[in-house]
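Trainee: Modelling step: build the complete structure from the supplied sequences, incorporating the hints.
Here's the letter readout for the chains.
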Amino acid sequence: MQIEKTAHAAENKEWKPMIVAFCCNWCSYAGADLAGSSRLSYPADVKIIRVPCSCRVNPMFILRAFERGADGVIICGCHPGDCHYTTGNYYTRRRMALLFSMLDFIGVENGRTRVEWVSAAEGAKFSATMNEFTAKIRSLGENVRLGDLRCRN
Amino acid sequence: MQELKKRLCELLSDGTVARVLGWRRGETSFDPEPAFFGSAEELSDFVYDGFCGANLSKMMIEAARLEGKTAVCLKPCDTYSYNQLIKEHRVDREKTYIIGVGCRGKLDIDKIRALGIKGILSISGTECDGDGDTLLIKTVYGDKSCKYADAMLSRCHVCRGKEHKIYDEIIGESRDTTDGDRFSEVEKLEAMAPRERFEFFRRELSRCIRCNACRNVCPACSCRKCVFDSNNFDSAQKANVDPFEEKMFHIIRAFHVAGRCTDCGECSRVCPENIPLHLFNRKFIKDINTFYGEYTAGEDAEAKCPLTDFDFGDAEPGDVTSGR
Chain C
411 MQIEKTAHAA ENKEWKPMIV AFCCNWCSYA GADLAGSSRL SYPADVKIIR VPCSCRVNPM
471 FILRAFERGA DGVIICGCHP GDCHYTTGNY YTRRRMALLF SMLDFIGVEN GRTRVEWVSA
531 AEGAKFSATM NEFTAKIRSL GENVRLGDLR CRN
Chain L
5 MQELKKRLCE LLSDGTVARV LGWRRGETSF DPEPAFFGSA EELSDFVYDG FCGANLSKMM
65 IEAARLEGKT AVCLKPCDTY SYNQLIKEHR VDREKTYIIG VGCRGKLDID KIRALGIKGI
125 LSISGTECDG DGDTLLIKTV YGDKSCKYAD AMLSRCHVCR GKEHKIYDEI IGESRDTTDG
185 DRFSEVEKLE AMAPRERFEF FRRELSRCIR CNACRNVCPA CSCRKCVFDS NNFDSAQKAN
245 VDPFEEKMFH IIRAFHVAGR CTDCGECSRV CPENIPLHLF NRKFIKDINT FYGEYTAGED
305 AEAKCPLTDF DFGDAEPGDV TSGR
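Note that the protein sequences, when read in sequence, are chains C and L.
Numbered according to my numbering, the first sequence spans residues 411 to 563.
Numbered according to my numbering, the second sequence spans residues 5 to 328.
Hints were generated in silico from the structure; no laboratory data involved.
Every clue listed holds true.
Which stretches of chain C does chain L cover? Using the computed rule of at least three CB atoms under 8 Å from a CB of chain L, they are:
1) 467–473
2) 498–505
3) 515–522
Computed Cβ-Cβ distance ranges for the label pairs, DEER-style:
4) C:T497 / L:E194: 24 to 32 Å
5) L:D323 / C:K426: 28 to 36 Å
6) C:E424 / L:R199: 21 to 29 Å
7) C:A531 / L:G165: 49 to 57 Å
Quantities reported herein were computed from a predicted structural model and do not represent experimental measurements.
Cβ atoms here follow ideal geometry from the backbone N, Cα and C, with glycine treated the same way.
Mentor: This is how it looks when you write it as structure tokens:
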């Protein structure tokens, strides 16, 4: 998970959000594929990371993404009931509800985190979701730096 | 305490138990420490008073690997942690003799110091079987006094109740010391703006010295190999690799015990920097109660933990976070 904030390097450039999308291999990644082959566009700010199942997403992955400068994190998985592993996404749903609520509690607004169910046949939904989410992150602006007070220069 | 001590002596001498897990007098009268006692003679150091706040449940994991039965003194709130450990198969109930000890709230020496009482030599009125609601404190500056309730640990103001959830016998009377709302601090923070909350937690967590005391004391943190000890994890070293580590540590620590935390409040009690770590745990408990129905970890040893369970009709993460 090598995420570098390169877009932000040149000062005269306009700020571009960095968005990490965790997509499950069986539904959402195929949905993204369909969006591509249907020539539906979604912003280049979204970086897709393929995971075997949405429940593979360890809370640490999300914290790491924010640590490395992500402005928003979205998790896409199969619709409830359609999980390739039968019940994986039900666990994701509980875990992420709690984690996102906690992130909101420590000051990462809940607009920056999202879970969306996208099936392999929903290329249009994938593209629409990503456009919508990117617009939301743009309106929220840059994320808070989760760093330590003592390390601030 | 004498009755308790006498009973422990009996248990040891008639061979019912091989050892006793309790508290031993520390260097001063207000810092007793958890200890194992192997014989009736060793029990002369045994102490149980208002400063015995330490939760002994976690040490029963160690005791489960020892030969013979262990008698352990558990306060009402500690029995929740013990139940939770049974559920996780970390302790051996067969090798445990649980003595439910009476509790009327535990004391915090820092609270007494915060009242402006310095140079403390000794404190009387701390007995658990006592009735007095005043502490008499001998200091180098003369005799002082304060109310028992004012010197109580913050966690005792939101007491879990006086009922022992699991025991073999009960010695002493317990009292419910609740005089505050358990979730009021969390609610106060929730009402703040995201930036304010962020500043609050940055201020609090920036004091963390990564001593790992909160993890080591936590009865729910019982992994033999902890993720934070892994060489692949940055926090394995004390020096900061990046400025994010304390936050990462505390969020992950709280997430690991989410749904298993019994809110015993040990993390906040042992923190040398007085970081209100229980806020993270209580936030998770509050969320679990709101989203998935009332759940009390450790109330019994059977119920399924909310994070290893699911319901087809669970709320979507987007709804629950924006619905507040």
